[in-house]
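The listed protein sequences correspond, in order, to chains E and G.
Here this note's numbering is used: the first residue of the first sequence is 9, the next is one more, and so on.
Here this note's numbering is used: the first residue of the second sequence is 32, the next is one more, and so on.
Quick caveat, the hints were computed from the structure, so don't treat them as lab data.
Accuracy of the hints is not assured; some may be wrong.
[Stated by the list, open to error] Here are the computed lysine-lysine pairs in the DSBU-like style, where the Cα-Cα straight-line distance is at most 35 Å:
{"#": "1", "chain 1": "G", "residue 1": "K40", "chain 2": "E", "residue 2": "K46"}
{"#": "2", "chain 1": "E", "residue 1": "K78", "chain 2": "G", "residue 2": "K40"}
{"#": "3", "chain 1": "E", "residue 1": "K24", "chain 2": "G", "residue 2": "K88"}
{"#": "4", "chain 1": "E", "residue 1": "K46", "chain 2": "E", "residue 2": "K24"}
{"#": "5", "chain 1": "G", "residue 1": "K88", "chain 2": "E", "residue 2": "K11"}
[As the list claims (entries may be wrong)] Computed list of chain G residues with no C-beta within reach of chain E, every gap over 12 Å:
{"#": "6", "residue": "Q37"}
{"#": "7", "residue": "T51"}
{"#": "8", "residue": "G59"}
{"#": "9", "residue": "Q79"}
{"#": "10", "residue": "N82"}
{"#": "11", "residue": "E93"}
{"#": "12", "residue": "R94"}
{"#": "13", "residue": "D102"}
{"#": "14", "residue": "N108"}
{"#": "15", "residue": "G115"}
{"#": "16", "residue": "S117"}
{"#": "17", "residue": "E130"}
Note that the structure is predicted; figures quoted are calculated from it, not measured.
Beta carbons: idealized from backbone N, C-alpha and C, even for Gly.
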Amino acid sequence: AQKVTQAQTEISVVEKEDVTLDCVYETRDTTYYLFWYKQPPSGELVFLIRRNSFDEQNEISGRYSWNFQKSTSSFNFTITASQVVDSAVYFCALSEALGTGRRALTFGSGTRLQVQP
Amino acid sequence: DSGVTQTPKHLITATGQRVTLRCSPRSGDLSVYWYQQSLDQGLQFLIQYYNGEERAKGNILERFSAQQFPDLHSELNLSSLELGDSALYFCASSVYPQETQYFGPGTRLLVL
Numbered sequence: 009a010q011k012v013t014q015a016q017t018e019i020s021v022v023e024k025e026d027v028t029l030d031c032v033y034e035t036r037d038t039t040y041y042l043f044w045y046k047q048p049p050s051g052e053l054v055f056l057i058r059r060n061s062f063d064e065q066n067e068i069s070g071r072y073s074w075n076f077q078k079s080t081s082s083f084n085f086t087i088t089a090s091q092v093v094d095s096a097v098y099f100c101a102l103s104e105a106l107g108t109g110r111r112a113l114t115f116g117s118g119t120r121l122q123v124q125p
Numbered sequence: 032d033s034g035v036t037q038t039p040k041h042l043i044t045a046t047g048q049r050v051t052l053r054c055s056p057r058s059g060d061l062s063v064y065w066y067q068q069s070l071d072q073g074l075q076f077l078i079q080y081y082n083g084e085e086r087a088k089g090n091i092l093e094r095f096s097a098q099q100f101p102d103l104h105s106e107l108n109l110s111s112l113e114l115g116d117s118a119l120y121f122c123a124s125s126v127y128p129q130e131t132q133y134f135g136p137g138t139r140l141l142v143l
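Let the hints inform the model, and build the full structure from the sequences given.
Rendered as C-alpha cells:
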C-alpha cells in the first residue's frame, strides 16, 4: 500500500522567515504523481503543485519552491519569506494507480503552519 | 475557485437519518472522486467515478453509496448515520483519472 508521511505536525514561524515542509512517500508504482494542497482556515483544499515521477526538476513559483528527490522518496515544500496569509494546513499527496483508469489520492496527515506577524 | 461545486455547505442531522451530498465537477471533467476528512482518520478516499461508471473504491462504508449521472454530476448518499460520520466531505474532479484533482469547497456534516 502507498503511504505519505508528513512528520511535522505543526510549525510556527515569524513572518518573513523561510520554512520547509517535509514529505516522504512510499510506493511500488514506477509512474506516480505527487501533489501539494493547501487547506486554509476556511476549509477548502487548494491545489498548489503536481510533480510526475519521471520529472525530478525542482520548481519555483513566486515564494514557493519544491524539491523532489526520488533517491530519498521525498517531495519537500519551501515557503520563502513567509506571510501571515500562508497560515494553513498543507497536505502532501500521492496519486495511487489502482488499475487502468482507477485512481485515488493518498494524503499525508498534514502540517499546520502558523505564521505569526 | 476550483470550479467544482458542492451542496449543501453545511448539514446537521440526527443519528439514523439519511442524507445526500451533491457535487458538480468542473466543466469538461469526466472523473469525480469523493473524500472524507475527519479528525481521527484524516483525508481518506471513498470512491471514484469516470464518465458515469464506478472505477475505484476506497474505505467506503456499506451504508454509503454514490453515483454519477449522465450530466456528470455526482451524489453521495449516507444512510443510517452515526455520530462518527460527522466529517467534511469533499468532492474532486479531473479530466482523466491520472490528471490533477481539483476539490470543491466541501460539505460539513454534523450528526447529532
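Fill in: Numbers of the earlier hints that this structure fails to satisfy, in rising order
2, 3, 6, 9, 10, 17
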